[in-house]
Structures are given as C-alpha cells and as structure tokens.
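Residue numbers (numbering that gives the first Met the number 0), protein chains in the order written: chain A, 0 to 268; chain B, 0 to 268.
EDC-like cross-link-like pairs, simulated, lysine to aspartate or glutamate; straight-line CA separation at most 16 Å:
id : chain 1 : residue 1 : chain 2 : residue 2
1  : A       : Lys50     : B       : Glu150
2  : A       : Lys137    : A       : Asp198
3  : B       : Lys50     : A       : Glu150
Facing chain A, a subset of chain B residues (Cβ under 8 Å, in silico):
id : residue
4  : Val2
5  : Leu18
6  : Ala91
Chain A regions said to be covered by chain B (calculated; three or more residues, Cβ under 8 Å):
id : segment
7  : 9-22
8  : 85-92
9  : 130-136
10 : 144-152
Rather than coming from a laboratory, the hints here were simulated on the basis of the structure. We put the beta carbon where it would ideally sit given N, CA and C, even for glycine.
There are 2 protein chains.
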Amino acid sequence: MLVNGVPGNTISIRDRGLLYGDGVFRTLCVCEERPQHWPLHYQKLKNDCEKLGINCPDFASLSAELAGLMPAHPNAVFKIIVTRGLSARGYAPAPDAEPTHLWDISPVPDYPESLRTGVTLRLCGLRLATQPRLAGIKHLNRLENVLAAAECADADEGLLLDTDGRVVEGVRSNIFLISGERLITPDLSRCGVAGVQRDRVMAYAGNMGMAVEVRDVCLDELYAADAVFLTNSVFGLWPVAQFEQQRWLDLSRTAQFQVLFEQDESWLN
Amino acid sequence: MLVNGVPGNTISIRDRGLLYGDGVFRTLCVCEERPQHWPLHYQKLKNDCEKLGINCPDFASLSAELAGLMPAHPNAVFKIIVTRGLSARGYAPAPDAEPTHLWDISPVPDYPESLRTGVTLRLCGLRLATQPRLAGIKHLNRLENVLAAAECADADEGLLLDTDGRVVEGVRSNIFLISGERLITPDLSRCGVAGVQRDRVMAYAGNMGMAVEVRDVCLDELYAADAVFLTNSVFGLWPVAQFEQQRWLDLSRTAQFQVLFEQDESWLN
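Generate the whole structure from the sequences, applying the supplied hints.
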C-alpha cells in the first residue's frame, strides 16, 4: 500500500475522499508483474479527474509507483484512488488543493471456475438515479452500488436499471447484449460506470464486423437477446446463463469475446 | 480528533467511508461547552445509520466522547462521522462489519455579521438526482454538493433543484418559504438532506399557529413568497435578501424565527 508515494495504509480524516466521496478510482489486475491495460485505466482515471476538476497525477509518476509495487505483488488486484485532497472548509473545493493518490493491493479473488461458463443475474430493486454530471465516472459516491449489492447477494451479479426502467449495468460490471450480428450496450450518459473492458469489447466487436450500438436498452430487449454477458477488469467476462426466469443455454455467441479475456497478449497489455 | 474513541486523525484506506462513501455524518456547534441540539443530531445520525443498515454507536458512548472533547474545545464546530467500517471485498457489506466512528473539530466560521440580515441565493445549474433510497440521509456521497458549491461560489448560498425542476434545498442548508400564514418547505423524499434545524423550525412554526406544509415546491412559488430563509446547524438562520432577480427588502417575517437561533436556551439545548 502506498499513500502519496509513501508506504502507508491510512489517510487523513479530513481527506475529501472520505468527507464527500470526492475522488475517483480504478481497479486492475496485475498478472506475472504485468499490469493489465494500465494505459487504458490511467486514461479513464485522468478523464474522470478532469470531469470533476481534480488534478490527476501524471502517467509517468503513477507508472513508476506501480512498477515499484509489482515485484512484491506479481499477481494481485491493484486499486488506484485519487481524491481532491484535504478539505479546507465545506463543500466548495479549494482551487489549489493537492490531490491525494493511493494504491491498495489485494489478492486475486478465487472465483469458482463455473462462473466462466455462465452466471445468474438478478434484477435489483434499487434503481439508479440519473445524474448526467456524474454519469460514466468511476467516482467514490457508490452507496447505490452498496445497497444494490446487499439486495442481490444471493445471485452472482445484480442488474441495475435507472429510475426510468432502462437497463444500465451490473452492480460491478458492464453489460452487453448480442442480438443477431449486433452488439448492444447501454448508453451511460445518465448514470452508470464506463469500464475499461467495455471499451475493449466494443472495439473488438467493431473489428469483427459487428454493428456496435450504444443506446437505451429496455428489459424486453434483454430477455429477447441471443446472448448476454458481463465484463469487468477483475473477473474479465462472465456469460449470463440466467436472468430471472430467462435462461440462455447456448453460450457459443459469447465465446467469441472470451478471447479478449484469456491470458494472452491482448489481455495482458 | 478522535477515531473509534482513540485520539487520532487518520483512518484506514480500506474504510468503506473512503471507498464508497458508505457512511453518514452530522455537524453541530459546541458553545461554551454545550453541544447544541446533540440529542436531535444523534437521533438523526442513528436513523440515517438504520436506513443504510449501519450499526450506530449508542448515545451514551458518543455522548461520553463528546463530553471528553469539549473542555479543550469549548466553542467549536464538531463533526461526527459513522462509516460501515473496514471493507471485506467489493460493494456488498459484510453483516458483521464493525462501524468506524470519528469526531473532527474545527473553529466556528467567522461569517460576516451582514449575512444574518440577508444573503444572496444563486440558482445552481446542477440538478439533484432523485434517489428515494438515499433521500433525506446525510450520507457521505456528496459529490453533487461539491460540484454545486463550486458553481455558486460567488453567492452566499446555492439553490438546488431536482432533475424535475422542484426546489429542494440549499447546497449546505434547508430552505423555507413564508407565504401568508403558511410555512412551506420542500418534501425531501426524493433527494436532499433533512437537517436538525429543519425539524426545529417546523415544530416552532406549528407552535406559533402557522400552517406547516411539507410538499413539492416550484420556482414560481419561491419567487412569489413573502419571505425566504435558510437554516443549518452552523450558521443558524440566514434570511434570503436576493434570489436571482428577485429581492426581499422586508425581512420582518423571518425575524420571528430568528429567536430559535439566538444564543438562548432554545438554541443551546
């Protein structure tokens, strides 16, 4: 663990990350001392910081910190958090605030192998609020995800709709529908988190000649899809075998995307 | 500063308060070693914890900590934060999580005396998202307030509407309209923070024989009100002298509520 470049595992109780959730984060896997898609994660971290007006540390310095941590943790999950830094007084951010940045490291989760061949998805009762100013950003205001995760703890993943009933994402993943030769994923301009793997899947589908549609998705479309799958940067890709009463027995349509998440050069770099 | 009952000013980077904003807080004034409305603040803290499924420390233990801190800080702003505690793995809360609780203390802000006789209120461009599951709770997911405060930094306070255009609250205050013999304040069942002073003002108005209406409020009603005022537990009550192009020159209607915020027994206990 590293806090502002120094070994440590605490932050000030006056850090705006704690006081207001005023910060952003990204989670990535390190595999055999290789940080998976680090440049893509950094780009999103930086973009998210810019949307909130937080000064993001530069790529070279974060990369150097990452390189220093990996030898002792060659296979692990790394989380980078950047907050707006210490609070002066009240909600208004001080323009000269020095951001806080920290790394946390945890073991790669030991998911059952069966999840790679199909998971159960459960509809969460909680609906995501629509806030265009925060949509897409992986910020530290994640109480909706906490409450939703508690609701869906007995399924492999929870499905989140927004307050208008549109399909948005999984509690900790992005969602994709395959319908004929089209790959469909929800538009995240009102709410949701835009993950690195979402970009990779869309680019890959485009390269395969599939039509990629980023738009509003309703529940009926999800039920009617030929295949549904979930992605995040820790578990990679999970095909959905069951959502509520709907089952997908033929997972071959999803298999073509699995290659993106195998332990090959594409996954590692 | 006290963290889990022990002097300190740091928390773990694995605390869910930082990772997800998974916690609640309250801010109160201590005046001549008397904590203003502490039982009311505690009740709201506890209610908010219950809504999120967080175990709130009991009244006696928090009161004892407060009593221990006050002699060294007889006139100060005290903030109590309760988080769900350390994270196990991911968003889902562990049922056995031991909450973190901490006190932070800061000087009473030196507001210009002129603010007590009328402030400027500015309409924020940011609209509050509507999330009934979190509405009213003073939780640590406060990025909307941060962005709104940055927008309205050149006014004394910012006015927040929700995404449907209803009047909700100030960035750091609750709002009241006086219209004839009615006291009107926005319903906070979709978004917003229900402050301790809001309850006190409503009870006081009822005791005075005013009709108290808690309901949806539109901007036109705000413009047309006889008087408008803001409350929070640090500045007390601020009459609104100007909101955008509308001015209120006669502040006598608000004066009857000022007594609630004077340094008298009512304010201190």
